[in-house]
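Just need the whole structure built from these sequences, with the hints factored in.
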Amino acid sequence: MAEAALLTDLYQLTMLKAYADQGMRETAVFEFFVRRLPARRRFLMAAGLEQVLDYLEQLAFTPEELAWLRDSGRFDAGFVDSLADFRFTGDVDAMPEGTVFFADEPILRVTAPLPAAQFVESRIINLLHFQTLIASKAARVRLAAPDRLLADFGLRRAHGAEAGLLSARASHIAGFDGSATVLAGMRWGIPLFGTLAHAYIQAHDCELMAFEHFVQSHPAGTTLLIDTYDTEAAAHSLVPLLRRWAGEGRGIQGVRLDSGDLAEHARQVRAILDAGGFPEVRIIASSSLDEDSIRQLVADDAPIDGFGVGTRMNTSSDQPYLDCAYKLQEYAGVARRKRSEGKATWPGRKQVFRTFDALGRATGDTLTLVDDSAAGIPLLQPVMRAGRRLAALPPLAEVRDHARAQLDSLPPALCQPGATESYPVRVADSLRALAAALDRQDHQGARPPAPCDGTSLISGTRERSS
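Residue numbers (the numbering used here): 5 to 470.
It is worth saying that the hints were derived from the structure and are not from the lab.
Treat the hints with care, since some could be wrong.
[As the list claims (entries may be wrong)] 27 Å max Cα-Cα, derived DSS-like pairs, lysine-lysine:
| hint | residue 1 | residue 2 |
| --- | --- | --- |
| 1 | 342 | 331 |
| 2 | 347 | 331 |
| 3 | 21 | 331 |
| 4 | 342 | 21 |
Here's what the structure looks like:
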(Lines of atoms letter the chains of each structure in order from A and count residues from 1; the text may use other names and numbers.)
(Lines give C-alpha, C1' and ligand atoms only; values in the text may rest on other atoms or scores of the structure.)
Protein backbone atom coordinates (compact mmCIF):
# COMPACT_ATOMS: atom_id res chain seq x y z
CA MET A 1 0.00 0.00 0.00
CA ALA A 2 1.20 3.52 -0.72
CA GLU A 3 2.15 5.27 2.51
CA ALA A 4 2.00 8.97 3.34
CA ALA A 5 4.30 10.38 6.02
CA LEU A 6 1.58 12.87 6.95
CA LEU A 7 -0.80 10.06 7.85
CA THR A 8 0.02 10.77 11.48
CA ASP A 9 -1.05 12.88 14.44
CA LEU A 10 -0.02 16.53 14.59
CA TYR A 11 1.80 16.00 17.85
CA GLN A 12 4.28 13.69 16.15
CA LEU A 13 5.41 16.66 14.06
CA THR A 14 5.39 19.14 16.94
CA MET A 15 7.51 16.73 19.02
CA LEU A 16 9.81 16.15 16.06
CA LYS A 17 10.41 19.90 15.87
CA ALA A 18 11.02 20.18 19.62
CA TYR A 19 13.42 17.23 19.61
CA ALA A 20 15.33 18.85 16.76
CA ASP A 21 15.52 22.18 18.57
CA GLN A 22 16.91 20.51 21.69
CA GLY A 23 19.26 18.16 19.88
CA MET A 24 17.57 15.10 21.40
CA ARG A 25 18.74 12.34 19.07
CA GLU A 26 19.91 9.61 21.44
CA THR A 27 18.68 6.06 21.02
CA ALA A 28 15.14 5.43 22.24
CA VAL A 29 13.27 2.18 22.80
CA PHE A 30 9.51 2.01 22.37
CA GLU A 31 7.27 -1.05 22.80
CA PHE A 32 3.75 -1.80 21.58
CA PHE A 33 1.54 -3.76 23.97
CA VAL A 34 -2.05 -4.14 25.15
CA ARG A 35 -2.61 -2.91 28.69
CA ARG A 36 -5.47 -5.26 29.54
CA LEU A 37 -7.51 -7.93 27.82
CA PRO A 38 -11.12 -7.09 26.92
CA ALA A 39 -13.78 -8.75 29.03
CA ARG A 40 -14.57 -11.44 26.44
CA ARG A 41 -11.01 -12.13 25.33
CA ARG A 42 -8.78 -14.59 27.17
CA PHE A 43 -6.04 -14.14 24.56
CA LEU A 44 -5.12 -11.99 21.57
CA MET A 45 -3.42 -12.83 18.27
CA ALA A 46 -0.67 -10.62 16.85
CA ALA A 47 -1.11 -9.41 13.27
CA GLY A 48 -0.02 -6.49 11.10
CA LEU A 49 3.77 -6.81 11.28
CA GLU A 50 4.17 -7.08 7.49
CA GLN A 51 2.46 -3.71 6.97
CA VAL A 52 4.48 -2.10 9.77
CA LEU A 53 7.77 -3.13 8.15
CA ASP A 54 6.55 -1.92 4.76
CA TYR A 55 5.71 1.45 6.33
CA LEU A 56 9.07 1.80 8.06
CA GLU A 57 11.04 0.91 4.94
CA GLN A 58 9.08 3.33 2.76
CA LEU A 59 8.83 6.21 5.24
CA ALA A 60 9.74 9.52 3.56
CA PHE A 61 8.16 12.93 3.09
CA THR A 62 7.15 13.64 -0.49
CA PRO A 63 7.79 17.04 -2.13
CA GLU A 64 4.03 17.65 -2.02
CA GLU A 65 3.89 16.97 1.71
CA LEU A 66 6.86 19.24 2.38
CA ALA A 67 5.30 22.01 0.29
CA TRP A 68 2.06 21.71 2.24
CA LEU A 69 3.92 21.88 5.55
CA ARG A 70 5.73 25.05 4.42
CA ASP A 71 2.48 26.64 3.33
CA SER A 72 0.71 25.68 6.55
CA GLY A 73 2.80 28.18 8.51
CA ARG A 74 3.08 25.86 11.48
CA PHE A 75 6.81 25.18 11.12
CA ASP A 76 9.83 27.19 10.05
CA ALA A 77 11.40 26.56 6.67
CA GLY A 78 14.60 25.13 8.11
CA PHE A 79 12.77 22.40 9.99
CA VAL A 80 10.60 21.53 6.99
CA ASP A 81 13.66 21.36 4.74
CA SER A 82 15.32 18.96 7.17
CA LEU A 83 12.44 16.53 6.76
CA ALA A 84 13.44 15.85 3.16
CA ASP A 85 16.12 13.47 4.45
CA PHE A 86 13.99 11.94 7.23
CA ARG A 87 14.13 8.13 7.18
CA PHE A 88 13.64 5.27 9.64
CA THR A 89 17.07 3.73 10.28
CA GLY A 90 16.29 1.78 13.44
CA ASP A 91 15.78 -1.80 14.59
CA VAL A 92 12.60 -3.79 15.14
CA ASP A 93 12.04 -6.94 17.19
CA ALA A 94 8.61 -8.52 17.16
CA MET A 95 6.48 -11.56 17.82
CA PRO A 96 5.74 -13.38 14.55
CA GLU A 97 2.30 -12.74 13.15
CA GLY A 98 -0.20 -15.30 14.37
CA THR A 99 1.41 -15.50 17.82
CA VAL A 100 -0.98 -15.60 20.76
CA PHE A 101 -0.17 -13.05 23.46
CA PHE A 102 -1.55 -11.53 26.65
CA ALA A 103 -1.80 -8.24 28.55
CA ASP A 104 1.39 -6.20 29.13
CA GLU A 105 3.41 -8.37 26.72
CA PRO A 106 5.18 -6.31 24.05
CA ILE A 107 4.57 -7.71 20.58
CA LEU A 108 6.86 -5.18 18.90
CA ARG A 109 9.93 -3.22 20.03
CA VAL A 110 11.42 -0.28 18.11
CA THR A 111 14.98 0.85 18.80
CA ALA A 112 15.99 3.98 16.92
CA PRO A 113 17.07 7.61 17.33
CA LEU A 114 14.38 9.31 19.41
CA PRO A 115 12.86 11.49 16.65
CA ALA A 116 12.24 8.54 14.31
CA ALA A 117 11.19 6.12 17.05
CA GLN A 118 8.64 8.66 18.26
CA PHE A 119 7.35 9.79 14.87
CA VAL A 120 6.25 6.30 13.75
CA GLU A 121 4.02 5.79 16.80
CA SER A 122 0.66 6.72 15.29
CA ARG A 123 0.89 4.58 12.15
CA ILE A 124 2.37 1.60 14.01
CA ILE A 125 -0.49 1.63 16.50
CA ASN A 126 -2.97 2.06 13.66
CA LEU A 127 -1.65 -0.96 11.76
CA LEU A 128 -0.99 -3.33 14.65
CA HIS A 129 -4.14 -2.48 16.56
CA PHE A 130 -6.57 -3.11 13.72
CA GLN A 131 -5.20 -6.37 12.38
CA THR A 132 -4.61 -7.74 15.88
CA LEU A 133 -8.18 -6.80 16.81
CA ILE A 134 -9.63 -8.60 13.77
CA ALA A 135 -7.32 -11.62 13.96
CA SER A 136 -8.28 -12.08 17.61
CA LYS A 137 -11.98 -11.97 16.74
CA ALA A 138 -11.50 -14.30 13.75
CA ALA A 139 -9.61 -16.79 15.90
CA ARG A 140 -12.65 -17.03 18.17
CA VAL A 141 -14.82 -17.74 15.12
CA ARG A 142 -12.42 -20.47 13.99
CA LEU A 143 -12.49 -22.06 17.44
CA ALA A 144 -16.29 -22.05 17.29
CA ALA A 145 -16.27 -23.92 13.95
CA PRO A 146 -13.04 -25.90 13.82
CA ASP A 147 -13.99 -28.07 10.83
CA ARG A 148 -16.23 -25.76 8.76
CA LEU A 149 -15.40 -23.52 5.84
CA LEU A 150 -15.11 -19.86 6.88
CA ALA A 151 -15.13 -16.95 4.44
CA ASP A 152 -14.72 -13.25 5.13
CA PHE A 153 -17.73 -11.37 3.71
CA GLY A 154 -17.16 -8.05 5.47
CA LEU A 155 -15.77 -5.54 2.95
CA ARG A 156 -18.98 -3.64 2.35
CA ARG A 157 -19.49 -2.76 6.01
CA ALA A 158 -15.84 -2.37 7.00
CA HIS A 159 -14.78 1.04 8.22
CA GLY A 160 -13.10 2.10 5.00
CA ALA A 161 -11.24 0.46 2.15
CA GLU A 162 -8.01 -0.26 4.04
CA ALA A 163 -9.95 -1.80 6.92
CA GLY A 164 -11.87 -4.05 4.55
CA LEU A 165 -8.70 -5.23 2.85
CA LEU A 166 -6.65 -5.74 6.00
CA SER A 167 -9.48 -7.55 7.75
CA ALA A 168 -9.41 -10.12 4.93
CA ARG A 169 -5.71 -10.62 5.62
CA ALA A 170 -6.03 -10.73 9.41
CA SER A 171 -8.92 -13.17 9.36
CA HIS A 172 -7.04 -15.44 6.94
CA ILE A 173 -4.07 -15.50 9.31
CA ALA A 174 -6.40 -16.53 12.13
CA GLY A 175 -7.81 -19.45 10.18
CA PHE A 176 -10.44 -18.25 7.72
CA ASP A 177 -10.31 -20.17 4.47
CA GLY A 178 -10.71 -17.14 2.25
CA SER A 179 -12.46 -13.88 1.51
CA ALA A 180 -14.89 -12.28 -0.90
CA THR A 181 -12.52 -9.29 -1.25
CA VAL A 182 -10.92 -9.66 -4.68
CA LEU A 183 -7.92 -7.42 -4.01
CA ALA A 184 -6.98 -9.67 -1.08
CA GLY A 185 -6.73 -12.50 -3.59
CA MET A 186 -4.55 -10.48 -5.93
CA ARG A 187 -2.29 -9.04 -3.25
CA TRP A 188 -1.80 -11.99 -0.92
CA GLY A 189 -3.10 -15.04 -2.76
CA ILE A 190 -6.01 -15.46 -0.37
CA PRO A 191 -8.61 -17.88 -1.83
CA LEU A 192 -11.73 -16.09 -3.03
CA PHE A 193 -15.32 -17.06 -2.27
CA GLY A 194 -18.48 -15.53 -3.64
CA THR A 195 -22.02 -16.26 -4.73
CA LEU A 196 -24.49 -13.73 -6.13
CA ALA A 197 -26.73 -11.03 -4.73
CA HIS A 198 -30.48 -11.10 -4.23
CA ALA A 199 -30.61 -8.33 -6.81
CA TYR A 200 -29.52 -10.78 -9.52
CA ILE A 201 -32.48 -13.02 -8.68
CA GLN A 202 -34.89 -10.08 -8.47
CA ALA A 203 -33.72 -8.72 -11.82
CA HIS A 204 -35.17 -11.85 -13.44
CA ASP A 205 -38.88 -12.47 -13.85
CA CYS A 206 -38.33 -16.08 -12.79
CA GLU A 207 -36.07 -17.35 -10.00
CA LEU A 208 -35.29 -20.55 -11.89
CA MET A 209 -34.31 -18.58 -14.96
CA ALA A 210 -31.90 -16.61 -12.78
CA PHE A 211 -30.36 -19.88 -11.62
CA GLU A 212 -30.14 -21.13 -15.21
CA HIS A 213 -28.47 -17.99 -16.49
CA PHE A 214 -25.96 -17.86 -13.67
CA VAL A 215 -24.92 -21.47 -14.15
CA GLN A 216 -24.61 -20.87 -17.90
CA SER A 217 -22.10 -18.13 -17.10
CA HIS A 218 -20.27 -20.26 -14.51
CA PRO A 219 -20.57 -23.87 -15.67
CA ALA A 220 -17.57 -25.12 -13.67
CA GLY A 221 -19.46 -24.70 -10.43
CA THR A 222 -20.80 -21.91 -8.27
CA THR A 223 -22.95 -21.33 -5.19
CA LEU A 224 -26.54 -20.20 -5.64
CA LEU A 225 -28.42 -17.95 -3.24
CA ILE A 226 -31.82 -19.58 -2.66
CA ASP A 227 -33.58 -17.50 0.01
CA THR A 228 -34.75 -14.51 -2.04
CA TYR A 229 -38.41 -15.58 -1.91
CA ASP A 230 -39.10 -19.00 -0.37
CA THR A 231 -36.08 -21.02 0.65
CA GLU A 232 -37.60 -24.50 0.64
CA ALA A 233 -39.58 -23.90 -2.56
CA ALA A 234 -36.39 -22.79 -4.28
CA ALA A 235 -34.60 -25.94 -3.10
CA HIS A 236 -37.39 -28.16 -4.44
CA SER A 237 -37.36 -26.34 -7.79
CA LEU A 238 -33.59 -26.57 -7.99
CA VAL A 239 -33.46 -30.40 -7.89
CA PRO A 240 -34.71 -30.95 -11.49
CA LEU A 241 -32.25 -28.33 -12.71
CA LEU A 242 -29.43 -30.09 -10.90
CA ARG A 243 -30.32 -33.35 -12.64
CA ARG A 244 -30.32 -31.71 -16.05
CA TRP A 245 -27.09 -29.82 -15.41
CA ALA A 246 -25.40 -33.02 -14.27
CA GLY A 247 -26.26 -34.63 -17.59
CA GLU A 248 -24.79 -31.63 -19.39
CA GLY A 249 -21.57 -31.67 -17.39
CA ARG A 250 -22.51 -28.61 -15.38
CA GLY A 251 -23.46 -28.17 -11.77
CA ILE A 252 -23.14 -26.16 -8.57
CA GLN A 253 -20.95 -26.49 -5.52
CA GLY A 254 -23.43 -25.26 -2.99
CA VAL A 255 -26.42 -23.19 -1.98
CA ARG A 256 -26.38 -20.22 0.34
CA LEU A 257 -28.86 -19.28 3.07
CA ASP A 258 -28.86 -15.66 4.21
CA SER A 259 -32.00 -15.16 6.30
CA GLY A 260 -34.42 -16.61 8.78
CA ASP A 261 -33.86 -19.53 11.11
CA LEU A 262 -30.64 -20.78 9.55
CA ALA A 263 -30.60 -24.09 11.42
CA GLU A 264 -34.16 -25.01 10.47
CA HIS A 265 -33.79 -23.89 6.86
CA ALA A 266 -30.53 -25.84 6.59
CA ARG A 267 -32.19 -29.03 7.87
CA GLN A 268 -35.04 -28.75 5.38
CA VAL A 269 -32.81 -27.85 2.45
CA ARG A 270 -30.42 -30.67 3.31
CA ALA A 271 -33.27 -33.15 3.33
CA ILE A 272 -34.55 -31.88 -0.03
CA LEU A 273 -31.14 -32.06 -1.68
CA ASP A 274 -30.35 -35.49 -0.22
CA ALA A 275 -33.71 -36.90 -1.32
CA GLY A 276 -33.08 -35.51 -4.78
CA GLY A 277 -29.76 -37.32 -4.99
CA PHE A 278 -27.39 -34.42 -4.35
CA PRO A 279 -25.77 -34.93 -0.93
CA GLU A 280 -22.55 -33.38 -2.26
CA VAL A 281 -24.12 -29.93 -2.68
CA ARG A 282 -22.91 -27.90 0.28
CA ILE A 283 -24.97 -25.51 2.38
CA ILE A 284 -23.34 -22.17 3.19
CA ALA A 285 -24.90 -19.78 5.71
CA SER A 286 -24.48 -16.06 6.28
CA SER A 287 -26.48 -13.23 7.92
CA SER A 288 -24.96 -11.30 10.85
CA LEU A 289 -22.95 -14.25 12.12
CA ASP A 290 -20.29 -14.22 14.82
CA GLU A 291 -18.60 -16.78 17.04
CA ASP A 292 -21.59 -17.03 19.37
CA SER A 293 -24.22 -17.69 16.70
CA ILE A 294 -21.90 -20.05 14.82
CA ARG A 295 -21.07 -21.97 17.99
CA GLN A 296 -24.81 -22.40 18.62
CA LEU A 297 -25.44 -23.61 15.07
CA VAL A 298 -22.64 -26.15 15.41
CA ALA A 299 -23.92 -27.25 18.82
CA ASP A 300 -27.41 -27.67 17.35
CA ASP A 301 -25.91 -29.95 14.69
CA ALA A 302 -27.24 -27.75 11.89
CA PRO A 303 -26.18 -29.30 8.55
CA ILE A 304 -24.21 -26.25 7.48
CA ASP A 305 -20.89 -26.82 5.72
CA GLY A 306 -19.54 -23.29 5.85
CA PHE A 307 -20.17 -19.75 7.02
CA GLY A 308 -19.78 -16.34 5.44
CA VAL A 309 -18.89 -13.96 8.26
CA GLY A 310 -18.97 -10.23 7.71
CA THR A 311 -19.97 -7.19 9.73
CA ARG A 312 -19.60 -8.52 13.25
CA MET A 313 -16.10 -9.81 12.60
CA ASN A 314 -14.77 -7.00 10.42
CA THR A 315 -15.86 -4.41 12.97
CA SER A 316 -15.20 -6.68 15.98
CA SER A 317 -18.66 -5.55 17.03
CA ASP A 318 -18.58 -6.85 20.61
CA GLN A 319 -15.15 -5.30 21.27
CA PRO A 320 -14.33 -2.66 18.64
CA TYR A 321 -11.01 -1.56 20.15
CA LEU A 322 -8.09 -2.72 22.28
CA ASP A 323 -6.53 -0.70 25.09
CA CYS A 324 -3.13 -0.70 23.40
CA ALA A 325 -0.15 1.60 23.64
CA TYR A 326 3.29 2.36 22.16
CA LYS A 327 5.40 3.68 25.01
CA LEU A 328 8.94 4.87 25.65
CA GLN A 329 10.79 2.30 27.77
CA GLU A 330 14.37 3.54 27.49
CA TYR A 331 16.16 6.69 26.33
CA ALA A 332 19.87 7.44 26.12
CA GLY A 333 20.66 4.13 27.80
CA VAL A 334 18.41 4.77 30.81
CA ALA A 335 15.19 2.88 31.52
CA ARG A 336 12.05 5.03 31.58
CA ARG A 337 8.74 4.32 33.31
CA LYS A 338 5.37 5.99 32.94
CA ARG A 339 3.57 6.16 36.27
CA SER A 340 0.20 7.65 35.24
CA GLU A 341 -2.70 6.33 37.30
CA GLY A 342 -4.06 3.19 35.67
CA LYS A 343 -1.51 3.42 32.86
CA ALA A 344 1.83 2.66 34.48
CA THR A 345 4.33 0.78 32.31
CA TRP A 346 7.01 -1.81 32.98
CA PRO A 347 10.30 -0.08 32.12
CA GLY A 348 13.26 -1.14 29.99
CA ARG A 349 13.71 -3.38 26.95
CA LYS A 350 11.71 -6.54 27.54
CA GLN A 351 11.39 -10.09 26.29
CA VAL A 352 8.61 -12.65 26.75
CA PHE A 353 9.44 -16.30 27.43
CA ARG A 354 6.83 -19.06 27.07
CA THR A 355 6.94 -22.54 28.57
CA PHE A 356 5.14 -25.67 27.36
CA ASP A 357 4.23 -29.02 28.84
CA ALA A 358 5.05 -32.42 27.35
CA LEU A 359 1.93 -32.25 25.16
CA GLY A 360 2.93 -28.90 23.68
CA ARG A 361 0.40 -26.89 25.70
CA ALA A 362 1.50 -23.46 26.83
CA THR A 363 1.84 -23.36 30.60
CA GLY A 364 2.85 -19.77 31.29
CA ASP A 365 4.77 -16.69 30.17
CA THR A 366 7.49 -14.66 31.86
CA LEU A 367 7.86 -10.94 31.16
CA THR A 368 11.43 -9.93 31.86
CA LEU A 369 14.26 -7.66 30.77
CA VAL A 370 15.82 -8.48 27.43
CA ASP A 371 19.22 -9.31 28.92
CA ASP A 372 17.75 -11.71 31.46
CA SER A 373 17.25 -15.41 30.90
CA ALA A 374 14.14 -17.35 31.78
CA ALA A 375 12.67 -20.78 31.17
CA GLY A 376 10.96 -21.30 27.85
CA ILE A 377 11.36 -19.87 24.36
CA PRO A 378 11.73 -16.12 23.63
CA LEU A 379 8.80 -14.80 21.61
CA LEU A 380 10.20 -11.51 20.25
CA GLN A 381 12.56 -12.03 17.33
CA PRO A 382 14.77 -9.62 15.35
CA VAL A 383 13.07 -8.65 12.08
CA MET A 384 14.68 -5.32 11.07
CA ARG A 385 18.10 -3.79 11.52
CA ALA A 386 19.25 -0.32 10.40
CA GLY A 387 15.92 0.31 8.70
CA ARG A 388 15.93 -2.81 6.52
CA ARG A 389 14.22 -6.11 7.22
CA LEU A 390 16.58 -8.97 7.86
CA ALA A 391 14.64 -11.31 5.58
CA ALA A 392 11.29 -11.60 3.90
CA LEU A 393 8.59 -12.54 6.36
CA PRO A 394 7.17 -16.04 5.86
CA PRO A 395 4.43 -16.48 3.27
CA LEU A 396 0.88 -16.18 4.50
CA ALA A 397 0.38 -19.95 4.40
CA GLU A 398 3.18 -20.39 6.94
CA VAL A 399 1.79 -17.59 9.09
CA ARG A 400 -1.56 -19.42 9.11
CA ASP A 401 0.15 -22.64 10.14
CA HIS A 402 1.87 -20.81 12.97
CA ALA A 403 -1.44 -19.28 14.10
CA ARG A 404 -3.10 -22.70 14.02
CA ALA A 405 -0.29 -24.17 16.12
CA GLN A 406 -0.64 -21.28 18.56
CA LEU A 407 -4.36 -21.92 19.00
CA ASP A 408 -3.71 -25.63 19.41
CA SER A 409 -1.19 -24.85 22.16
CA LEU A 410 -3.64 -22.85 24.26
CA PRO A 411 -5.00 -24.41 27.44
CA PRO A 412 -8.47 -25.71 26.45
CA ALA A 413 -10.14 -23.61 29.14
CA LEU A 414 -9.06 -20.42 27.39
CA CYS A 415 -10.85 -21.49 24.20
CA GLN A 416 -14.28 -22.06 25.73
CA PRO A 417 -17.15 -19.57 25.39
CA GLY A 418 -17.42 -17.38 28.44
CA ALA A 419 -14.00 -18.49 29.68
CA THR A 420 -12.98 -16.76 32.90
CA GLU A 421 -9.67 -18.52 33.54
CA SER A 422 -6.61 -16.29 33.13
CA TYR A 423 -3.41 -17.44 31.52
CA PRO A 424 -0.44 -17.07 33.89
CA VAL A 425 1.96 -14.25 33.00
CA ARG A 426 4.72 -13.76 35.57
CA VAL A 427 6.61 -10.49 35.86
CA ALA A 428 10.24 -11.31 36.63
CA ASP A 429 11.76 -10.10 39.88
CA SER A 430 14.43 -8.15 37.98
CA LEU A 431 11.78 -6.16 36.13
CA ARG A 432 9.88 -5.46 39.32
CA ALA A 433 13.11 -4.32 40.94
CA LEU A 434 13.89 -1.94 38.08
CA ALA A 435 10.40 -0.44 38.26
CA ALA A 436 10.72 -0.01 42.03
CA ALA A 437 14.13 1.67 41.67
CA LEU A 438 12.75 4.17 39.14
CA ASP A 439 9.77 4.86 41.37
CA ARG A 440 12.10 5.62 44.29
CA GLN A 441 14.11 8.02 42.14
CA ASP A 442 10.93 9.79 41.08
CA HIS A 443 9.69 9.94 44.65
CA GLN A 444 12.98 11.51 45.75
CA GLY A 445 12.65 14.21 43.09
CA ALA A 446 15.48 13.03 40.85
CA ARG A 447 15.03 11.62 37.36
CA PRO A 448 17.97 9.92 35.60
CA PRO A 449 20.32 10.62 34.04
CA ALA A 450 20.69 14.01 35.77
CA PRO A 451 18.91 15.74 38.68
CA CYS A 452 16.43 18.39 37.65
CA ASP A 453 14.66 20.43 40.31
CA GLY A 454 13.51 23.14 37.92
CA THR A 455 15.73 25.88 39.46
CA SER A 456 17.55 26.62 36.24
CA LEU A 457 14.29 26.85 34.31
CA ILE A 458 12.79 29.28 36.80
CA SER A 459 15.91 31.45 36.73
CA GLY A 460 15.86 31.52 32.96
CA THR A 461 19.05 29.55 32.36
CA ARG A 462 19.08 26.51 30.13
CA GLU A 463 19.60 22.98 31.40
CA ARG A 464 19.49 19.82 29.36
CA SER A 465 20.40 16.29 30.30
CA SER A 466 22.78 14.41 28.06
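### Task
Go through the numbered hints given earlier and state which of them the structure violates, listing their numbers in rising order.
Of the numbered hints given earlier, the structure breaks none, since each of them holds.
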